[in-house]
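Participant: Sequence:
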Amino acid sequence: VETTGLGKGAIAAVRPLTRQQVVQTAFAFEGLQWRLTPANYGSDPDTACTGFNRVRRPWYLAGKVNQEVRGVPYCWGCHGSLEQFRASVARGMLAGNVCTHNNPRSDVSGVDCSAFVSAAWGLANHFTTAAIPMITTEVSNAWDLQPGDALNKPGSHVMLFLRFTPDRK
Numbered sequence: 097v098e099t100t101g102l103g104k105g106a107i108a109a110v111r112p113l114t115r116q117q118v119v120q121t122a123f124a125f126e127g128l129q130w131r132l133t134p135a136n137y138g139s140d141p142d143t144a145c146t147g148f149n150r151v152r153r154p155w156y157l158a159g160k161v162n163q164e165v166r167g168v169p170y171c172w173g174c175h176g177s178l179e180q181f182r183a184s185v186a187r188g189m190l191a192g193n194v195c196t197h198n199n200p201r202s203d204v205s206g207v208d209c210s211a212f213v214s215a216a217w218g219l220a221n222h223f224t225t226a227a228i229p230m231i232t233t234e235v236s237n238a239w240d241l242q243p244g245d246a247l248n249k250p251g252s253h254v255m256l257f258l259r260f261t262p263d264r265k
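Going by this note's numbering, the sequence shown opens with residue 97, and the numbers climb by one from there.
There's no promise every hint is true.
The following label-pair restraints were derived from C-beta to C-beta distances [unchecked claim]:
| id | residue 1 | residue 2 | range |
| --- | --- | --- | --- |
| 1 | Asn-237 | Glu-179 | 32 to 40 Å |
| 2 | Arg-115 | Leu-178 | 18 to 26 Å |
| 3 | Ala-226 | Asp-203 | 21 to 29 Å |
| 4 | Arg-264 | Thr-133 | 40 to 48 Å |
| 5 | Ser-177 | Asp-245 | 31 to 39 Å |
| 6 | Ala-220 | Glu-126 | 20 to 28 Å |
| 7 | Gln-242 | Thr-133 | 19 to 27 Å |
| 8 | Asp-203 | Glu-179 | 44 to 52 Å |
| 9 | Ala-220 | Asn-162 | 31 to 39 Å |
| 10 | Pro-134 | Ser-236 | 46 to 54 Å |
| 11 | His-253 | Gln-117 | 18 to 26 Å |
| 12 | Val-161 | Trp-239 | 23 to 31 Å |
Rather than coming from a laboratory, the hints here were simulated on the basis of the structure.
Don't be surprised by glycine CBs; every beta carbon is placed ideally from N, CA and C.
Sequences are here, hints too, so could you generate the full structure?
Facilitator: Encoded structure:
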């Protein structure tokens, strides 16, 4: 792990990674296979979200109790590594929380968008969408984006860039 001062007042501990390693880590989160237990699923009906006509549980887990599922679920306010997610679901924590208008919950496991990017980048700490600009350099030309770069809207959402599509989207 190296510590990098990036000139904007923030210091980030990072593992030196290649772009390929960042992308591989991202795909590891997406491709993780795990068994959804009754404890990870929770009760039915699930907790309603404030201001939404939906439940806490990510849609792709609905009806999948005792089945193998793929991917680390979105979890508002959650962060951690793949190993931490595996351990938390093994302990029976609830999986995923899409209630972004509610306060984050401590009894649920997964990662939110900024935690996913922080983990893929190999950061020792979770940087929120508001904090990511303190440890990054803005790309002046979108066509200069490279695999593993992030598209960040501070206070809202962040995602990793993989590639341009053949029709340049």
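Participant: Can you list which hints this structure breaks, lowest number first?
Facilitator: 5, 7, 8, 12
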